[in-house]
Amino acid sequence: MELWPEVRCAVRKKIAFFILLGWLLLLIGDRIDELRVYQGAQIAMYTIALASIVLLTGYSGQISLGNGAMMAVGGYAAALSLNKLESPVWFAFLMAVFFSALFGALLGAAAARLSGPYLAGTTLALAVGLPEIANQFAFLGGVPGILFDVGFPPARFGEEFTQYKWFFWIATFLALLSLFITSNILQSRFGRTWSAIRSNPLAAELSGIHSSRMKILAFTISSALAGLAGAVLAMTISLVAPGAYTLTLSFALVTGAVLAGVSSLPGVALGALILVAIPEIADVLANSWGGGENFSNYLPGLIVSLLLILSVIFTPNGPGENLRRHHHKKASEH
Amino acid sequence: MIRETRRRGAWLAATVLAAGSLIATALPAYAETGVSSSEIKLGITLPLTGAASPGYNKIGNAMNAYFKYVNENGGVYGRKITLIQKNDEYSPQLSIAKTNELILKDKVFALVGPLGTANFTAVHKSVGLAKRGVPSLFLNTGFSGFAKKANYPASFMILPSYAMEAKIIAQFLKENHAGKKLGIVYQNDEFGIDGMGAFKAAGTKFDVTVPYTSGSQSAATAQTWVSQLAAGGAQVVVFFGVTSATAPLLAVAAGAKYAPQWILGSVGSDPLTLRALGVPVAVLNGAQTPAGNPSPNDTSDEYVKQFQEINTKYNTGTAFDDYVLQGMNIGLMTVQALRAAGPNPTRKGLTSAIETKGSTFASVAYSPLGYSKTSNVGHTGYYMAVMDANGDRKPFGGTVKLYTTDSGSGPVVLSTFKRPAMPAKGLPSNS
Amino acid sequence: MQKLLETLLIGVSTGSIYALMSLALVLVWRSTRVVNFAQAGQAMLSTYIGFEIASRTEIFWLGLACAITAGALLGAGVDYFFMRVLFKRAVSGPAAVVAPVIATLGLLGLIRSIVGLIWGGEFKSIEAPASKNGFTLGETTIPFSALNLLIIATASLILITLAIIFQRTNLGLSLRASAYAPEIAQLAGIKTARTRTIGWAIAGGVGGVAGMLVTSYNFLSPYSLDLLLVFGFIAAVIGGLESMVGSVIGALTLGIGLTFILNYIGTSLVFIGGFAVLIVVLLLKPDGIMARGKVRRA
Chain Y
1 MELWPEVRCA VRKKIAFFIL LGWLLLLIGD RIDELRVYQG AQIAMYTIAL ASIVLLTGYS
61 GQISLGNGAM MAVGGYAAAL SLNKLESPVW FAFLMAVFFS ALFGALLGAA AARLSGPYLA
121 GTTLALAVGL PEIANQFAFL GGVPGILFDV GFPPARFGEE FTQYKWFFWI ATFLALLSLF
181 ITSNILQSRF GRTWSAIRSN PLAAELSGIH SSRMKILAFT ISSALAGLAG AVLAMTISLV
241 APGAYTLTLS FALVTGAVLA GVSSLPGVAL GALILVAIPE IADVLANSWG GGENFSNYLP
301 GLIVSLLLIL SVIFTPNGPG ENLRRHHHKK ASEH
Chain Z
1 MIRETRRRGA WLAATVLAAG SLIATALPAY AETGVSSSEI KLGITLPLTG AASPGYNKIG
61 NAMNAYFKYV NENGGVYGRK ITLIQKNDEY SPQLSIAKTN ELILKDKVFA LVGPLGTANF
121 TAVHKSVGLA KRGVPSLFLN TGFSGFAKKA NYPASFMILP SYAMEAKIIA QFLKENHAGK
181 KLGIVYQNDE FGIDGMGAFK AAGTKFDVTV PYTSGSQSAA TAQTWVSQLA AGGAQVVVFF
241 GVTSATAPLL AVAAGAKYAP QWILGSVGSD PLTLRALGVP VAVLNGAQTP AGNPSPNDTS
301 DEYVKQFQEI NTKYNTGTAF DDYVLQGMNI GLMTVQALRA AGPNPTRKGL TSAIETKGST
361 FASVAYSPLG YSKTSNVGHT GYYMAVMDAN GDRKPFGGTV KLYTTDSGSG PVVLSTFKRP
421 AMPAKGLPSN S
Chain D
1 MQKLLETLLI GVSTGSIYAL MSLALVLVWR STRVVNFAQA GQAMLSTYIG FEIASRTEIF
61 WLGLACAITA GALLGAGVDY FFMRVLFKRA VSGPAAVVAP VIATLGLLGL IRSIVGLIWG
121 GEFKSIEAPA SKNGFTLGET TIPFSALNLL IIATASLILI TLAIIFQRTN LGLSLRASAY
181 APEIAQLAGI KTARTRTIGW AIAGGVGGVA GMLVTSYNFL SPYSLDLLLV FGFIAAVIGG
241 LESMVGSVIG ALTLGIGLTF ILNYIGTSLV FIGGFAVLIV VLLLKPDGIM ARGKVRRA
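Sequence lines, in order, name chains Y, Z and D. When you number the first sequence by the working numbering, it's gap-free, plus one each residue, and the end is 334. When you number the second sequence by the working numbering, it's gap-free, plus one each residue, and the end is 431. When you number the third sequence by the working numbering, it's gap-free, plus one each residue, and the end is 298.
Simulated from the structure, these hints should not be mistaken for lab results. This one's a predicted model, so the numbers in the text were calculated from it and none came from an experiment. Ideal Cβ positions, reconstructed from N, Cα and C, are used throughout, including at glycine. Heads up, a few of these hints could be off.
[Claimed, not checked] Only part of the chain Z face toward chain Y is listed, based on derived beta-carbon distances under 10 Å:
| # | residue |
| --- | --- |
| 1 | S36 |
| 2 | S37 |
| 3 | L48 |
| 4 | P92 |
| 5 | A97 |
| 6 | L104 |
| 7 | K105 |
| 8 | N119 |
| 9 | E175 |
| 10 | S216 |
| 11 | S218 |
| 12 | V281 |
| 13 | V400 |
[What the hints assert, rightly or not] If you anchor each label on the Cβ, the simulated ranges turn out as follows:
| # | chain 1 | residue 1 | chain 2 | residue 2 | range |
| --- | --- | --- | --- | --- | --- |
| 14 | Y | F137 | Z | E175 | 36 to 42 Å |
| 15 | Y | V89 | Z | G197 | 54 to 60 Å |
| 16 | Z | T318 | Y | L26 | 47 to 53 Å |
| 17 | Z | S37 | D | L62 | 38 to 44 Å |
| 18 | Y | L24 | Z | K131 | 44 to 50 Å |
| 19 | D | T161 | Y | A277 | 46 to 52 Å |
| 20 | Y | F137 | Z | D207 | 50 to 56 Å |
| 21 | Z | S37 | D | G77 | 54 to 60 Å |
| 22 | Z | S359 | Y | F173 | 48 to 54 Å |
| 23 | D | L62 | Z | S300 | 23 to 29 Å |
[As the list claims (entries may be wrong)] Here are the computed lysine-lysine pairs in the DSBU-like style, where the Cα-Cα straight-line distance is at most 30 Å:
| # | chain 1 | residue 1 | chain 2 | residue 2 |
| --- | --- | --- | --- | --- |
| 24 | Z | K257 | Y | K165 |
| 25 | D | K132 | Z | K125 |
| 26 | Y | K165 | Z | K181 |
| 27 | D | K124 | Z | K181 |
| 28 | Z | K205 | D | K124 |
| 29 | D | K3 | Z | K257 |
| 30 | Z | K257 | D | K124 |
| 31 | Z | K148 | Z | K181 |
| 32 | Y | K84 | Z | K105 |
| 33 | Y | K165 | Z | K180 |
| 34 | Z | K125 | Y | K84 |
| 35 | Z | K200 | Y | K165 |
| 36 | Z | K125 | Y | K165 |
| 37 | D | K285 | Z | K257 |
| 38 | Z | K131 | Z | K149 |
| 39 | Y | K165 | Z | K41 |
| 40 | Z | K181 | Y | K84 |
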């Protein structure tokens, strides 16, 4: 790889940044109560999942409504590894990444010739159909699913160290690791190639880029990320079941990605935060406005949808783009 | 260089935003566990909407109505009971999320009446109810696994287990439908499999077996069930599933002019709900079902009469049916349990109160309660009933013949148990 | 033999409802190059309105008529107020790929939430206009009822009406022209924007019919039409998105195929079966069954 010494310096800075970030989150985790710690684990999970969308849609321009299904593959792979093979936890997560990457490669190969609505339709069908496979094979646990037990936190952390805090630690570590690796990939020539394919496929082909191979690679890596997120999700609810990976989840992922900027990797933290915060906020609103069951059931959906529509209309490329445009305006005025 | 700084700026901004909002919304250190000087907070997760909700979504409001009645008459040692209902749409994932909210956010004292086999199994493991020491009282599920004290140290059943129910049905089949071709439709998860296991142990041979996946029930899938049953020539069909699956099964069978002797499991057999879901009352006529309570229309029963009055006053607009009866009964049991825990209740105290005194509580169901230091078992028996042309339920054979048994290999015996009288005006005064 | 016939008949009945939905999606796609996921939301709202009328007056057909009207108005409204604003703004950057899809998804969620807030999540049902009892031929009763027949008849009527409009009227010509070559159509004096709105209105009305027909035998809830959307979309993709005939063929294929899987294999493979059908079709013909070589794409 050319540019090696420059890359090395930038990478070192990035490693330092991530370690600092991890330390900060650890400290925060010690100060807040258990519910927030649990939500922190969920935010970490969504961060990984949204990163997969950013890579696939934001960079390589392929729309997928089925990342929830890839999360399911990862979740089930991890659960089976944990339960049937009685493997250590880290191996289970590795299996999640491996199998979802495999599925992603297969899906990418099948979908390489598709684009636009055809790709959307295929991934939509996958999102609806894949979790149903669990009902067909007994060893996949059916509708109630399989229990996913990563075990209690190590005893040396003491009595006060709750299960949910353990989840938070594992999830945050995996999220930071995934973000680090993904950001390196996106800043490398892979990321540039994908952007090229997305903005002008014809020109990309003409300049010698092997479009379908790169697209399949994008699907593979994106699915690997989604699979890891799926395993983390399974860990937080101690359960792998088809109902945890519904079409609604796939939609929520695309929503979160668009809200925070579909091609902005830093934005995934924000998007994840929004996804976890909205039901909370809606709950608070519903309670303070009174209103019946209907209100609290449907208000979160209303807020999310409204936010989504507004953001697509006003900031289709995420809030970052508007800030940049603002900067450019200011710069050109000088 | 500029781009790098800007990008790093974006990273930093995102981090600060994330950290800031987490801290800003953080609550101070753990509050007390659901009991204050004026209030006891209880929580329930149940399907208020969704495919499995018809019928069951009334249970929470019925419990609430009873609690309101008690609150207006002095509460429990002066404390008002607050019930927080959370909708889990019968989905185990949602049950986990909502129970987390109940325990970590609403900080309830105990869970009461959580509904669903797969739901409670998932919740107990995922939320770690045992480790947290949160009691779960009077589960709205009959899965026999929940009776094992070692696995579920602070959970108490109230319904007879599905294994008990299956054994009693098996005995009934032997005595009244010997020699006929038998069919069964059951929900293909722990709920239905619990029953199937007991049928097998009791030696019942089904000629047609139709499992269905929870959530897949609809007119279209019921079509396939009926085709299989009719093709197999089943003359007596047992149904072990939820009400929203009973309805299409009966409706489709009626449309296809297939009319076997129906034996509807207790979970999915409430006539009022079935009729609301489109089952003609003529189809219900003659259907047999195991029942634990008197019919909700039987105003000669002191429990039913009192509960109906409470329902009219505190739960206006809701018709009084099996689910309302069940909800109010759980309310009655809960208040007795809270009283037995004393004027300064703790979670541990609540658990031991039910273990030591629970078997003497007053309940509308006819069978004895089995709570003890070594058992979480609630009610232990059923009597067989038949639906008439009005959709009302009458005991099979005219009088209530109560059978009791266990979830294991114990025999099914005819019981002469007489349930305790209802406390005066439906307000417990036990301690 | 009887089972085969039953499966075929039910498959056609189910497929004909999918055909209505997929037709609506194709209509919108051809005129706007957008897959309108909100179609399900529009259909749902129209159906709830139809349900209100039908349950108050106890006349199904009146409810149906109202649903069609409501659907048409909604469709036109969505295009006029929503889509035009969207296209003015979200045209560049990486989001251009996903923006219209996401926007319609957001609209679906919005409509669903509003419906839930107004009507609640309780299951509702409508009196079917025909009996649900299977036809009896001598000894046997097949699971194909008068209602199924009525559904096929209604769907066919709508399809034929649309075909006549599109092939034989000036409006149809304008619709096809505006979709295929908007600039040229404009030069020829066709008001493309208004024509497009009419197209959306027709699609909305058709969606309303689909929703009402489904509700005649299934419960109505804010989520009850989701499956219709998914299968309608898959059917449209199978048929090729460019051709209305194709979407009908795709829908019937899907309906029959899924019913086969339901009857012969079991419920749990239905969805994955739909996915398999889709993948097979797209692997062989990435532009759908009816595609003829290089067709104009987005």
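Discussion item. Could you work out which of the previously given hints the structure breaks and list their numbers from low to high?
Written reply: Hints 1, 2, 9, 11, 12, 13, 15, 17, 18, 20, 23, 24, 25, 26, 27, 28, 31, 32, 33, 35, 37 and 40 not satisfied by this model.
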